[in-house]
Amino acid sequence: MTAYIYELVCLAIFLYIVAAIFYLLASGSEFKQRIALGLSIGGLLANSLAIIGRTLLVGRLPLANGAEFMLWFTWFTVFTYLFYEVKSQNKGAGAPVNLIAALLLASIPILMSRQLGDVAPLMPALKSPWLTSHVLTAVFAYGSFAVAAGIAAVQLKKNSTSAELWINKIVTVGFVMMTLTIVLGAIWAEQAWGRYWSWDPKETWALITWIIYAIYLHLYYRRDWKGRKANILVIVGFALVLFTFFGVSYLLSGLHSYA
Amino acid sequence: MEIVKKIIALVSSMRAGLFLLAAIAITSAIGSYFLPTTFYRSPTFQLLLLLLLINMAFCTAQQLIKAIKKAKSNANKEKTPSASTFRRSGLILLHAGLVFILVGGTINSFGGISETVPIIEGEGVEITRVIPEAKPFTLQVDEFIIEFNEDASPSQYISNVSIIENGEVTREYSISVNNPLEHNNIKIYQSSFGYLIDAEAKTENGLSERSLFQEGSVLNLQGTDIAVMLYRYLPDFDPASGMQTRSYRPDNPVIIYSVYEMGSLLNVGYASFGETVEIAENAFVTFHGVKPYTGLIIKRDPGLGVAAIGGIMLMLGACLALIFRTKNPEQRD
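Chains C and R, in that order, give the protein sequences.
The numbering used here applies: residue 204 is where the first sequence begins, and numbers increase by one.
The numbering used here applies: residue 24 is where the second sequence begins, and numbers increase by one.
No wet-lab data here; the hints were simulated from the structure.
Each hint can be trusted.
With a straight-line Cα cutoff of 27 Å, these simulated DSSO-like cross-link-like pairs (lysine-lysine) come out:
1) R:Lys210 x C:Lys330
2) R:Lys210 x C:Lys405
3) R:Lys210 x R:Lys314
4) R:Lys28 x R:Lys92
Per label pair, the in silico range of CB-to-CB distance:
5) C:Tyr209 x R:Leu33: 54 to 60 Å
6) R:Ile346 x C:Ser232: 34 to 40 Å
7) C:Gly231 x R:Arg64: 54 to 60 Å
8) C:Tyr209 x R:Glu156: 53 to 59 Å
9) C:Lys429 x R:Ala45: 17 to 23 Å
Short, incomplete list of chain C residues facing chain R, as computed with Cβ under 10 Å:
10) Val322
11) Pro324
12) Leu325
13) Pro327
14) Ala328
15) Ser331
16) Ile385
17) Ile390
18) Gly397
19) Trp400
20) Trp402
21) Trp413
22) Ile415
23) His421
24) Leu443
Just so you know, even glycine gets a beta-carbon here, dropped at the ideal spot from N, CA and C.
Generate coordinates for the entire structure from the input sequences, incorporating the hints supplied.
Shown next, in the form of structure tokens:
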């Protein structure tokens, strides 16, 4: 399996894209919707096999470089989406979420192809038991935010109260996970770098993202902002997630540089 | 009294808090690009954080008082605490945790010290030189080691140190990345490393000078117009890759040097350890080796405990609020 990680990633991208297309065309057709769901599950399977392959290749949970992070990011995105679809019986967001997953995963062959086969041992700063919890909570948070943004994008066109509640539920999960990411990261940073908060670009942008979702949650519970405005805030939050991942890595250099 | 109440209401309002959060988000976004190192220490930004601390402290205190009152009035009616009680407690804990973190950070910004200190193998530093109010001890570096992976990339940086109190070694410790030493509330971290070059210059008239030099320093040969710049130490030199070391493992250690006469460059060369090179007529340089030094961060943060408690409260509170979240926000009281 270790020899086919790249192919598995390409297969997952392909399945996510086709799933997105089927979701888009399926409106009303139960049959097409089932195919779309199947394709999405297939994509998740290929995504899982890629993670397993990478685990076997490097002999540890692959949570260090950008490509490894991305494999988990899309896995949690699609997994959270499938959970949502099964639980809520809403299918409207299948197209945007699978498209987001496909595009995110496509960033591996486009920007980080070398990293999939990279077997270099961990650098000393990453050799810590905090790595696992810090990164796993981060990908869980990011995946939740991706799904929330996908549902919110659909909500901009046709509003449903049930979907609105689900957005809030998913953002809440993502927000709590991100809170854990930041605090666990701070505990680790205190051990590794001698400071729990350094205003490193990754930290700063993670905090900005966290603040946006905090504002969303407050406004939501105060019932000040609902519907369109709240949905836009959820989409802006996800744009910040993407900037924290890509923008900070490519535009602002700092302590979190693990290309 | 009315006006005091109004001020407190304004300062502790959620609206003011959200406004401050938004201001912090926007300014730190701009700061991260334009002034990545200085902005967060600027008075404007510190003031925003302080205002947020005041706002959240008031807001949280009010919520707490409300919750206690409610609990008292419900004490006779309900026996078991309901989900909404847990949820509310979680939210208060979460906000109080943030207040603690901000307080911890404020204490550190007034009373904390953090400094990177280079120490040569075999030498030590008096802790009071870095942190004047500390209980005195000497931090001595016995050995600095870089451990390597098979591919010659560094796997760990280790400083073996001794703590010397009243002339006696009271503690020995291996400081490595992710494994700091804590002694008398002072934490010491492995942060960086470097090398001093052990070089000797000789001229025809027998004048000789041997000393330890930092990379980039210039050695003037006495009685001549010749100067040598000890440009760099490369642990694993490969002529094909030029001035870049292949790794930090000393597989082929050389010193890169450049020779100047009256300030103008004569040539650039490299020499291995022990080799005597004639850099100009009757001018010789020998590089005897390098002496590593370790860069240790010596830190005292009197606010760390408060911030740590805050961090734990924040995590616990967030988890409680999530587990006992209301099924439908419309139903919340």
